[in-house]
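Following the hints, complete the assembly by docking chains B and C onto the known chain A.
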Amino acid sequence: MTAAKSSLQRRAFLAGVALVSVVAPQAARATPEAMAEAIKAVVGDRPVREGRVTLDLPPLIENGNTVPLSVAVESPMSEADHVKAIHVFNEKNPQPHVFDARLGPRNGRAQVATRIKLGDSQRIVAIAETSRGEFWSASADVIVTLAACLEELT
Amino acid sequence: MTNVLINAPKTARRGELIELKTLILHPMETGFRPGTNGGIIPRNIIQRFVATWNGTEIFSMDLSPAISANPFVSFFTVATESGRVAFRWSGDEGFLAEESVTIDVV
Amino acid sequence: MTWSDRPGRRPALVLLALVFGASLAAAQVGADTRRSGYQDMGPALQKMQDDDTANPAMLFVQLGEQLWSKPAGAAGKACADCHSVADMKGVAVRYPAIAKGADRPLDLDGRISLCRTANQQAEPFAPESRDLLSLTAFVAHQSRGLPIAPPDDPRLRPFRDHGAEIYRRRQGQLNLSCAICHDDNAGKKLAGVTIPQAHPTGYPIYRLEWQALGSLKRRLRNCLVGIRAEPYGYGSLDYVALEIFLADRARGMLWEAPGVRP
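Residue numbers (the numbering used here), protein chains in the order written: chain A, 1 to 154; chain B, 1 to 106; chain C, 1 to 262.
Any given hint could be a false lead.
What the hints assert, rightly or not - The list that follows gives simulated cross-link-like pairs (lysine to any residue, SDA-like), each with its CA atoms no further than 20 Å apart: (1) 189(C) - 143(A); (2) 84(A) - 56(B); (3) 47(C) - 81(B); (4) 189(C) - 105(A); (5) 92(A) - 34(A); (6) 77(C) - 87(C); (7) 21(B) - 105(A); (8) 21(B) - 58(C); (9) 40(A) - 137(A); (10) 47(C) - 113(A); (11) 189(C) - 35(C); (12) 84(A) - 70(A); (13) 21(B) - 11(B); (14) 70(C) - 50(B); (15) 84(A) - 50(B); (16) 47(C) - 254(C); (17) 92(A) - 45(A); (18) 10(B) - 106(A).
Said to hold, decoys possible - From the derived model, a few chain C residues whose C-beta atoms are all more than 12 Å from chain A: (19) 45; (20) 52; (21) 58; (22) 72; (23) 75; (24) 99; (25) 104; (26) 114; (27) 142; (28) 154; (29) 155; (30) 262.
Hints are computed from structural coordinates only; laboratory data are not their basis.
All C-beta atoms, glycine included, are put in the ideal place defined by N, C-alpha and C.
If we strip away everything but chain A, and leave its shape as in the complex, we get (with noise of 0.2 Å):
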């Protein structure tokens, strides 16, 4: 290959590369202040501490439609003391809330997967409640690459 023709391929190559970084502008959006108002409303006044929550994502998203999560609780799940909720929050789709999800000690493990839509890189925040009225969170810091809800321009 020549020097000219593989520059001249290169030029070409990155017009692709432009051509697809194009992001479809969004709609409604939720703010870091809508997530922490959300957060708000299911523990009220009371403290979160981190820890003990093992929130799992991908590191890099290839594609935001679709991204595993995990949300793992350090908890015994006994009558006394067992994780009642897992509730996850997010702060740039439309809406703050991800899910919440209701456990008892008949789970023996405090462990939910599930797929989210993520438009954008962005904060995941996951919270766990006990039976004993304690929090617990952990959170992680998603890069997404390719937007979702890209639809085909066909």
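Just chains B and C, lined up with the frame of chain A:
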């Protein structure tokens, strides 16, 4: 026509921790996306998922539009007694789906 | 995963030499450098494809299985009345193909559509309709793990050559060929996504971008639209020609359908 996939063991030892995995065909239309005619495509999501073991609730989840199309949900439970584990999804536009599996606890 | 311990490596290499011409000279002799798009995905998506209870495409395989034994059309026959499921093993990996006595090739969905209209005497499936994709996914699933094995049918040659010509032709407002991305720049990042080598190993696929199952034709349409070229109509022989070329180029690679792709 069923459009649900459940993964659960057929048998389990009493007291064993088992994982239940579920997938269901559903568009999870967010209600925020523009349609082809310039309007917004109306929201159509599953709002709630509930699992029961012989009639007793063992797990539930409230879903938002941020859950992906064709929702996948998995969780754990302790095998207590032989019987029927039932799953129920309900949501917008009167959506209702139910599926159950039997688990032998030995 | 390595391909080098597969039987049939040598014919594949001969073929690659034809396809890639000079570029193979640079490649290591004896090593098969072909990669499925699966290998370019992160572990989370690989896991999603591998686990049948987590792979969303399996919902459609299940629908296809139900349709398989449902009578349809004026003939009142189900697929299951004329075929056994076991007979479908190994079918998907040798498509597109030309039936005895026919003169044009059909891809797998084309063949299933023909059975629908000619043998079931039912209304044709719309292209990319859920029923057609589900039946195709069900049939394709039966071949999982088998090597891609296009038939050695001389009648396919002109179509494959036409597909190769399209593959190398610059087109669209961006004036790009498939080869510029999928041969010369495969493995590099494009807007955060790894450009795959474009091997049709997993079709129909559940593409996260679509949030649905889709055919290889739909995937090819996406690439054509991406370079601002006019996509062909769904019934076009140009797609089938490209599919024949891609299948030949992927000869011997393992069939993964139904795959998951970003």
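So, going through the hints one by one against the coordinates:
Distance hint between residue 189(C) and residue 143(A) is fulfilled; the C-alpha atoms sit about 15 Å from each other, no more than 20 Å. Among the hinted pairs, residue 84(A) with residue 56(B) is consistent with the structure: their alpha-carbon atoms are about 16 Å apart, no more than 20 Å. The straight-line distance between the Cα atoms of residue 47(C) and residue 81(B) is roughly 31 Å, outside the 20 Å bound, and the hint therefore fails. Between the alpha carbons of residue 189(C) and residue 105(A) the distance comes to roughly 46 Å, so the proposed pair goes past 20 Å and is violated.
With a C-alpha separation of about 9 Å, the suggested pair residue 92(A) and residue 34(A) falls inside the 20 Å cut-off, and the hint holds. This hinted pair checks out: residue 77(C) and residue 87(C) have alpha carbons roughly 17 Å apart, not beyond 20 Å. In summary, the hint linking residue 21(B) to residue 105(A) is supported, as the alpha carbons are separated by about 19 Å, within the 20 Å threshold. For the suggested pair residue 21(B) and residue 58(C), the alpha carbons sit about 13 Å apart, so the restraint of at most 20 Å is met.
For the given pair, residue 40(A) sits about 13 Å from residue 137(A) by alpha-carbon distance, which is consistent with the 20 Å threshold. With a CA separation close to 13 Å, the supplied pair residue 47(C) and residue 113(A) stays within the 20 Å bound. With a C-alpha separation of about 15 Å, the suggested pair residue 189(C) and residue 35(C) falls inside the 20 Å cut-off, and the hint holds. Using a Cα cut-off of 20 Å, the hinted pair residue 84(A) and residue 70(A) holds, with the two alpha carbons roughly 17 Å apart.
For the suggested pair residue 21(B) and residue 11(B), the alpha carbons sit about 15 Å apart, so the restraint of at most 20 Å is met. Between residue 70(C) and residue 50(B), the direct Cα distance comes to roughly 31 Å. Violation of the 20 Å bound is thereby established for this hinted pair. Only pairs whose Cα atoms come within 20 Å are accepted, and residue 84(A) paired with residue 50(B) is accepted, the gap being roughly 15 Å. The suggested pairing of residue 47(C) with residue 254(C) holds, with an alpha-carbon distance near 17 Å, which does not exceed 20 Å.
Restraint check for residue 92(A) and residue 45(A): not satisfied, since their Cα atoms lie roughly 24 Å apart, outside the 20 Å limit. Distance check on the hinted pair: residue 10(B) and residue 106(A) sit about 19 Å apart at the alpha-carbon level, within 20 Å; holds. In this structure residue 45(C) is not separated from chain A by more than 12 Å, as the shortest Cβ-Cβ distance comes to only about 6 Å. Non-interface status of residue 52(C) relative to chain A is upheld: no Cβ of that chain comes within 12 Å, the nearest being about 16 Å off.
For residue 58(C), the non-interface assignment is confirmed: its Cβ lies about 14 Å from the closest Cβ of chain A, beyond the 12 Å cut-off. Its beta-carbon lying about 29 Å from the closest one in chain A, residue 72(C) satisfies the requirement of being farther than 12 Å from that chain. Residue-level check passed: residue 75(C) sits 35 Å from the nearest beta carbon of chain A, beyond 12 Å. Every CB of chain A is more than 12 Å from the CB of residue 99(C) (nearest about 31 Å), matching its label as outside the interface.
No beta-carbon of chain A is positioned within 12 Å of the beta-carbon of residue 104(C); the least distance is around 25 Å. No beta-carbon of chain A is positioned within 12 Å of the beta-carbon of residue 114(C); the least distance is around 26 Å. Taking the minimum C-beta to C-beta distance to chain A, about 26 Å, the non-interface status of residue 142(C) holds against the 12 Å cut. No beta-carbon of chain A is positioned within 12 Å of the beta-carbon of residue 154(C); the least distance is around 33 Å.
Against the 12 Å criterion, residue 155(C) stays outside the reach of chain A, whose nearest CB is about 32 Å from its own CB. Against the 12 Å criterion, residue 262(C) falls within the reach of chain A, whose nearest CB is about 4 Å from its own CB.
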